[in-house]
Structures are given as structure tokens and as C-alpha cells.
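Number of protein chains: 2
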Amino acid sequence: MARAELEPTRIMVGVNQSSIMGYPLPSISSRGAFIWTLQKIVRSNISGFKLLFLHVQVPDEDGFNDVDSVYASPADFRDIKDRDKIRGLHLLEYFVGRCHEIGVPCEAWIKQGDPREVICHEVMRVRPDLLVLGSRGLGPFQRVFVGTVSEFCAKHAECPVVTIKRKLEETPEDPVDD
Amino acid sequence: MARAELEPTRIMVGVNQSSIMGYPLPSISSRGAFIWTLQKIVRSNISGFKLLFLHVQVPDEDGFNDVDSVYASPADFRDIKDRDKIRGLHLLEYFVGRCHEIGVPCEAWIKQGDPREVICHEVMRVRPDLLVLGSRGLGPFQRVFVGTVSEFCAKHAECPVVTIKRKLEETPEDPVDD
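Order-wise, the sequence lines are chains A and B. Numbering-wise (my numbering), the first sequence opens with residue 2 and increments by one. Numbering-wise (my numbering), the second sequence opens with residue 2 and increments by one.
Hints are not guaranteed to be accurate.
Copies of the same chain are indistinguishable here, so a pair counts whether it falls within one copy or spans any two.
Unchecked claim - Pairs of lysine to aspartate or glutamate residues, derived as EDC-like cross-links and limited to a Cα-Cα distance of at most 20 angstroms, are as follows:
1. LYS166 - GLU152
2. LYS156 - ASP175
3. LYS168 - ASP130
Derived from the structure by calculation, the hints contain no laboratory data. Computed from a predicted model, the values in this text were never measured in an experiment.
Given the sequences, and given the hints that come with them, work out the whole structure.
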């Protein structure tokens with residue numbers, strides 16, 4: 002084990018924004034997965050781990066998120082992209098800020114695309130020791146309609162994956178929300 | 002996090018014997034899951050974790066494992082059960098012995114039944130923080146015939162589950178062996 006101690010255990014944590022409250026707040030399940038990782042795995046051994054936060058932004062099909070805005074030039078569309086990026090950075094700030102407070106080394110980055118594919122692709126590229134994903138803990142009926150990123154990644158990601166189900170007492174009125 | 006530090010993280014590890022070499026040797030995937038847990042999760046923080054080794058013995062349908070033996074009295078059948086138990090204990094000795102060498106607190110016990118059901122039932126009873134299972138990493142075609150304990154438990158166990166796939170270079174000639 003002596004050799005393994007040289008390199009920290011690299012844990013990738015997939016995070017997204019709250020569907021109820023939007024950016025910069027993390028979803029309930031992302032926050033749960035993060036807290037679980039700190040409390041149950043990292044514990045006091047802050048130099049033994051490195052957390053890698055991946056936030057995947059799902060691009061709007063038409064790019065029109067803000068129906069009140071007026072889009073008059075190509076620059077407007079570039080602005081949208083920049084604004085999305087800034088929102089994503091604000092989300093990552095939550096996780097990176099807490100890691101800095103505790104002293105756990107971390108990295109964070111944003112990618113765009115289908116979260117299932119992007120997470121699996123980033124696992125191949127970055128080769129973490131473990132991927133931690135939050136899940137809403139939806140039943141089979143609800144899953145048919147909303148799909149689950151964690152289920153897909155648990156099956157296809159090329160590293161060990163642990164899924165942290167949202168606590169029952171944290172479930173919002175509509176369990177599809179997060 | 003201060004409060005969480007009081008209680009160690011309890012990790013249940015499902016272990017079984019080697020299908021090629023039999024008792025008391027652990028299967029390749031059990032040993033892999035165990036070593037992964039030590040190297041990647043426990044690391045040097047030995048007081049922060051407690052490992053719980055569960056070995057599920059699958060009872061023979063007819064109780065006749067040793068075709069050369071003569072069974073003449075009810076006591077003979079009791080002897081078979083005792084011998085199975087002793088074999089199981091020898092397997093657990095491997096894991097408990099290594100934990101003692103390193104100084105990681107642990108417990109180990111044997112149950113009989115269908116490993117999928119028993120593991121999920123023991124998770125409900127013992128409430129570990131994490132369940133670690135080794136897997137042979139079989140393809141979908143092979144899985145149809147041999148079933149996979151890890152896949153079932155990842156879906157049904159009431160705690161976070163991580164599956165550690167056997168390393169490619171450790172795959173025996175027949176990948177169904179372990």
C-alpha cells in the first residue's frame with residue numbers, strides 16, 4: 002500500500018444546478034453526493050484525496066432560454082454562451098469553495114452536451130478512481146420519462162461508480178425536481 | 002463533519018471463495034474488491050473505517066458435495082454443514098488476517114442462501130455506509146447464463162453500492178471462473 006499512498010485517490014463528482022432554484026445553486030442530489038463523499042470517504046484524510054468536479058451543461062436546442070431578451074446580432078448569441086458559462090462557474094464555485102475551506106485538493110470544469118455521454122467520455126479521459134453521482138431516487142415509472150444519468154453511467158463508465166440517492170426527507174414536492 | 006468523524010465509515014464487502022481453487026482461497030474478484038477498498042478508500046486512515054466481510058454460502062440442493070463420502074447417519078449430514086462452516090471461516094481468515102496486519106477494524110460473518118437476497122437482507126439489517134462487491138466483468142451474453150450478484154445488489158441494496166470489476170490481466174482462461 003505504501004506506493005498507492007503517494008498518489009491521492011481521485012474522485013470525480015458529477016454536479017448540476019438545482020432544477021427548482023436554478024444557477025448558482027446545486028441540485029439537492031449533487032449536494033448530497035458531495036457531502037456523502039466528504040463525510041464517508043474523505044473524512045479527515047484531506048491529503049489522501051482529490052475531488053474532480055464535472056458540470057455538464059445541456060445546450061438548449063434553440064438557444065433561447067430567456068424569452069424576454071432580444072437577439073439582434075451574432076454577438077447576442079455569443080453572449081448567451083458566455084452567460085451560460087458564467088452561470089456554470091458560479092455553480093462550481095459552491096463546490097470548490099467548500100473544498101478550499103476544508104483543505105481538500107480539487108479541480109472543476111464545465112463541458113457541454115448530453116450528461117450521460119459527456120460524463121462517460123470524461124471518465125475515459127481523466128481516469129478517476131471513483132465516480133460519485135447523485136440520484137433523485139426516482140421509481141421505475143418516473144424514470145421512463147426523465148431518464149437517469151446515474152443509471153446510464155453506472156453501467157457504461159469505465160471506472161467504479163457509486164450512486165448516492167437523495168434523502169427521502171429532501172425530496173421536493175415534485176420528485177422529478179432536484 | 003466533526004460529528005461524522007466520531008463514527009467510522011462502515012464498508013460491507015461481499016466475499017466468496019475461488020471457483021477454480023476452492024476454499025480457503027478468495028475469488029479473484031473478491032480479493033480485487035478488498036484491495037481496492039484498502040488502497041483507494043481506507044488508505045492510511047485506518048481508524049476512520051470499519052470493514053464488514055459478509056460471506057454467503059450457497060447450499061447444495063442435495064447436500065452431496067463429496068461424492069466419495071459415505072453418509073450413514075443424521076450426524077454425517079451435520080458434519081457436512083460443520084465442514085462447510087469451517088471452510089467459510091478459513092476464507093474469512095484471509096480477509097480478517099490482512100485487516101489485523103494493517104490495523105483496520107473489521108468484522109466477518111457467514112450466512113447461507115442466495116447471495117443476492119442475503120446480501121440485500123444483510124444491508125438492511127446492518128446498514129453499512131457503502132457496499133463493495135467484486136465482479137467478473139462478464140459481457141451480456143455470459144451474464145445471461147451465470148447471473149451476476151453485483152448487478153442485482155447495485156439495483157436493490159438499500160445503501161450506496163460500488164462494483165469493482167476484475168482486472169483484465171487477472172481474467173482466468175474461462176472468464177466465468179473466478
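Quick rundown of the hints versus the structure:
no. : hint            : verdict
1   : LYS166 - GLU152 : both (11 angstroms within a copy, 17 angstroms between copies)
2   : LYS156 - ASP175 : neither (27 angstroms within a copy, 23 angstroms between copies)
3   : LYS168 - ASP130 : between (25 angstroms within a copy, 14 angstroms between copies)
The structure fails hint 2 only (numbered hints given earlier).
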